[in-house]
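J.: Chains G and X, in that order, give the protein sequences.
Going left to right, the first sequence walks through residues 1 to 513 as the working numbering numbers them.
Going left to right, the second sequence walks through residues 514 to 920 as the working numbering numbers them.
Hints are supplied without guarantee of correctness; some may be wrong.
To be verified - With a Cα cut of at most 25 angstroms, we get these calculated SDA-like pairs of lysine to any residue:
1. X:LYS862 to G:ASP459
2. G:LYS358 to X:ASN749
3. X:LYS862 to G:VAL80
4. G:LYS118 to X:SER867
5. G:LYS212 to G:ASP459
6. G:LYS358 to X:ILE588
7. X:LYS862 to G:LYS212
Worth flagging that the hints you see were computed from the coordinates, not collected in a lab.
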Amino acid sequence: MNHDNHEVKKDAAPHAVCMRGITKRFPGVVALEDMSLDVRPGELHAICGENGAGKSTLVKILSGVYQPDGGTLEIGGEMVRFVCTRDAEHAGVAIIHQELALVEELSVAANVFLGREKRTALGLVDDRAMAAECAQLLESLECRIAPDVRTGNLRVGDQQLVEIAKALSLHASIVVMDEPTSALTESESARLERTIAKLLARGTTILYISHKMGEVFRLADRITVLRDGRHVRTVNRADTSPEEITGWMVGRKIADRPASAPRVRGKQLLEVRNLCLPWPEHPRGYRLSDISLSLCAGEILGVAGLMGAGRTELLETLFGAGQSNWTGDILLEGRRVRFLHPREACDRRIAMVSEDRKRLGLFPDLDVAGNVSVCSLHEALYGGLLSRSGEDALVAGSVRETGVKTPSLHAPIMGLSGGNQQKCIIGRWLLTRPDILLLDDPTRGIDVGAKAELYTLIDQLCRNGMGVILTSSELPELLSLADRIIVLAEGRLTAEFSRSEATEARIMAAATG
Amino acid sequence: MPPHQDSFRQPFLLRRSEWALVLAIVVAVGLTALLDANHSYATRPLESLRDIARNTALLGIFALGATVVIIAGGIDLSAGSMIALSGTVCATTMLALAPVEMMGFKPVGPAVVAVACAASLLAGFLVGTLHSWLITAIRLPPFIATLATLVGLRSFARALCESATSALTPTKSALVNVADPLFKTVRDNVWIPVAMFGVLACITWLILTRTVLGRHIGALGGNEQAARLAGIRTDNVKWFAYCFGAMTAALAGLFYVANESVSAPVNQGRGHELNAIAAAVVGGCSLAGGVGTVPGTVLGAIFLRVVIDAVSKIIKTGADVYEGLIVGIVVVMAVTLGQVGQMAKGGRKLLPGSLGLCAIPTLAILSGAIVAMTAGPRAGASVAGASVVLLWLLRAWENSRTPASSM
Chain G
1 MNHDNHEVKK
11 DAAPHAVCMR
21 GITKRFPGVV
31 ALEDMSLDVR
41 PGELHAICGE
51 NGAGKSTLVK
61 ILSGVYQPDG
71 GTLEIGGEMV
81 RFVCTRDAEH
91 AGVAIIHQEL
101 ALVEELSVAA
111 NVFLGREKRT
121 ALGLVDDRAM
131 AAECAQLLES
141 LECRIAPDVR
151 TGNLRVGDQQ
161 LVEIAKALSL
171 HASIVVMDEP
181 TSALTESESA
191 RLERTIAKLL
201 ARGTTILYIS
211 HKMGEVFRLA
221 DRITVLRDGR
231 HVRTVNRADT
241 SPEEITGWMV
251 GRKIADRPAS
261 APRVRGKQLL
271 EVRNLCLPWP
281 EHPRGYRLSD
291 ISLSLCAGEI
301 LGVAGLMGAG
311 RTELLETLFG
321 AGQSNWTGDI
331 LLEGRRVRFL
341 HPREACDRRI
351 AMVSEDRKRL
361 GLFPDLDVAG
371 NVSVCSLHEA
381 LYGGLLSRSG
391 EDALVAGSVR
401 ETGVKTPSLH
411 APIMGLSGGN
421 QQKCIIGRWL
431 LTRPDILLLD
441 DPTRGIDVGA
451 KAELYTLIDQ
461 LCRNGMGVIL
471 TSSELPELLS
481 LADRIIVLAE
491 GRLTAEFSRS
501 EATEARIMAA
511 ATG
Chain X
514 MPPHQDSFRQ
524 PFLLRRSEWA
534 LVLAIVVAVG
544 LTALLDANHS
554 YATRPLESLR
564 DIARNTALLG
574 IFALGATVVI
584 IAGGIDLSAG
594 SMIALSGTVC
604 ATTMLALAPV
614 EMMGFKPVGP
624 AVVAVACAAS
634 LLAGFLVGTL
644 HSWLITAIRL
654 PPFIATLATL
664 VGLRSFARAL
674 CESATSALTP
684 TKSALVNVAD
694 PLFKTVRDNV
704 WIPVAMFGVL
714 ACITWLILTR
724 TVLGRHIGAL
734 GGNEQAARLA
744 GIRTDNVKWF
754 AYCFGAMTAA
764 LAGLFYVANE
774 SVSAPVNQGR
784 GHELNAIAAA
794 VVGGCSLAGG
804 VGTVPGTVLG
814 AIFLRVVIDA
824 VSKIIKTGAD
834 VYEGLIVGIV
844 VVMAVTLGQV
854 GQMAKGGRKL
864 LPGSLGLCAI
874 PTLAILSGAI
884 VAMTAGPRAG
894 ASVAGASVVL
904 LWLLRAWENS
914 RTPASSM
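Please construct the entire structure, taking both the sequences and the accompanying hints into account.
T.: Printed below as a string of structure tokens:
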């Protein structure tokens, strides 16, 4: 059985993108090895792979950020060599990056025309013409965004549409989308899919990078799977199934997680009564309103909600990392607490893994060991000074427990894949031996294999008596992990379900209600 | 996966860039020994060594403070003014405690000296506290907060000096002479500031590499938000960093007073904060925070002073005019050389596009003018001409190496 059809050239028209033997190495890592890929004009070509499979490197080579060490790249039948991103733009390749590349302080129109500003006869910037054209572009994407709004004020989903408008204004014939739905709510994702349909109708070729099987199978014409920097195969969507694709992605078949055995609930650890968090500068007036919940030892409490529902604010308030002007009661083992600094929460054995790993979790200049040990350095003290071997022993234990794959304890943290970085951060907190673990969307941007390992880890911790509060953007994750699920909508608590009551439909209804 | 320069093997004693600095120091010393017409390195080695050692120690002491602040992700522009204030506090305290002896250029006694020195260090602590309060509570950017004290403290020191002298001596004065034998001893024994520098470097190294506080300093500089969320009291860490910065400057201020036998708030330490920052940057500190080492800064300070000394030995007269120029060039060269490898790999050009075209005459005029002023107009003109040709060739080579982009 050979699904590889990049050797078969049926169509006469040149390929929109044609890669031959592309290789990219970094010190100690081969990010892409002998990568060949053909993308037909006008198709939506999905690229799937775990994190670290080489998807992002592929995107960066296509956009001129990286230069390949070997191999050739053709765009529309012409051999190209991109030295910078501008070269890629000129060749008609536009990239919608996973982390959006917009200038928050500038208006929407200014961002769309950044670097290609329209000028008046006097050579001054012609804001009016840009706003007009930008409005037109946005209208064609059926989104209601005023061109003169400050981009930073937009929600992530809207910012992404601004990026797409920018791609349109470049008259890009090839649009590369790098995990575009990773930060979108369900309704925003649906809108994005409609936009994609419009782009395809115009004849745009789309490379769609994702590891969400649902959207890949709804959208793609063909699917290419990468693993460990190599091309595994390219297949027509009609000829395959999500199970087959995930199997190729991880190199093994993932069985559906069996519903785990029920856990034993222990004593009550945390109770929250009528928690309100004001937000004066917002028309709603509050970030959180009248939230009550409880958490027992040995239990996973899931927090569902769309983006902006207040999930992160809730966890930050519990951890003492947010504003301290909240009202209501937070009781820790029956005693009222009000944490003014995360340190105080740590001292009471609460740990929090924050949602944005890069911005809020990692220390890019410290190595793996430094990142893991940062919260428990006092355990590696010997006569008041840090002991290297003590620290290494501490970290080695943690790395083993969480299953981090790293070439060395002293490897640079930024060289690890997202899943391994996340395991390091969870390991960092486990070293503090918390009673309560707050996990804010811990599997965001993590590949399938690492996700499964994290699920097993979280389940195990819980069985050992830890109380876990888990938020997630992915409902199936909450449904399979949590004992109870509370649903937030616009800062209010709208429903609470036990495991047996919860279904995706019920949760979505409560989250949008 | 992003490319990463650092190998994860433990380096041998020093990092590669630091070994390169050692080599650069050796080369600079060798060149001076060769090119100096008086051959003072060969004829008066001890004297030359003493000179360099004293200057390096004085610079190094507060460069260590600057290093800690920079690794913590901040910047302290006020070190030079802190030096002036420290000296003034020391001198005026002695004047207040022993006015008769001070005016008669007589010994004031070790007790008075000790109190005066303690007062200076206390002033450093207070200034550091002020900085961290402005930065953490008022939320001023460190650049603004320490820019304000850079300007303000020197003026404050002068005012303090004038009011103290007008109150305690017959005449108002903007300087106070310090003649105590203890200060003379420090001036005449170079090993004292050098030993102080060495001890302080060891302490700083120990703090940065082997204590929890040091790790927190690096974490704070690398990612402040993550540090806070990891339960680190970032405000307290900043408090330490700025106090360390100001107190090392205060300590250096005492040595400046001893060295010059006078406290002169108008000029003492003026502009020295930039030398300290330069030493740290040459030693591998990143102004973005989180990166830097004590050995790097020590070598950076030595390198800076060796090069300044080399120029003064080679040019002879009026070499102090060129000190700022040398510091500027050394900083640019050190940081540039650290990036050359990356540049070549990433296909980046030194002289790209029309900016590169304009940079060629700019660099040629600069180098020509420097040579013309130091070695005569004819040499200057030929250096300028040679620079144009060489840079032009470099540009042509760069353009031929990377094919024109597909436009």
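J.: Taking 25 angstroms as the top limit, are the C-alpha atoms of LYS358 (chain G) and ILE588 (chain X) close enough?
T.: holds, 24 angstroms
J.: Compare the distance between the alpha carbons of LYS212 (chain G) and ASP459 (chain G) with 25 angstroms, and conclude whether the hinted pair is satisfied.
T.: Satisfied, since the Cα-Cα distance of roughly 23 angstroms is no more than 25 angstroms.
J.: Mind checking the alpha carbons of LYS118 (chain G) and SER867 (chain X) for me, to see if they're no more than 25 angstroms apart?
T.: holds, 22 angstroms
J.: Take a quick look at whether LYS862 (chain X) and LYS212 (chain G) sit within 25 angstroms of each other, Cα to Cα.
T.: Not OK: LYS862 (chain X) and LYS212 (chain G) at ~40 angstroms, beyond 25 angstroms, violated.
J.: Given the hinted pair LYS862 (chain X) and VAL80 (chain G), is their alpha-carbon gap at most 25 angstroms?
T.: Status holds; Cα separation ~20 angstroms.
J.: Take a quick look at whether LYS358 (chain G) and ASN749 (chain X) sit within 25 angstroms of each other, Cα to Cα.
T.: OK: LYS358 (chain G) and ASN749 (chain X) at ~24 angstroms, within 25 angstroms.
J.: Next pair to validate is LYS862 (chain X) with ASP459 (chain G); report whether the Cα-Cα distance is within 25 angstroms.
T.: The hint is violated at about 53 angstroms.
Of the numbered hints stated above, those contradicted by the structure are hints 1 and 7, listed in ascending order.
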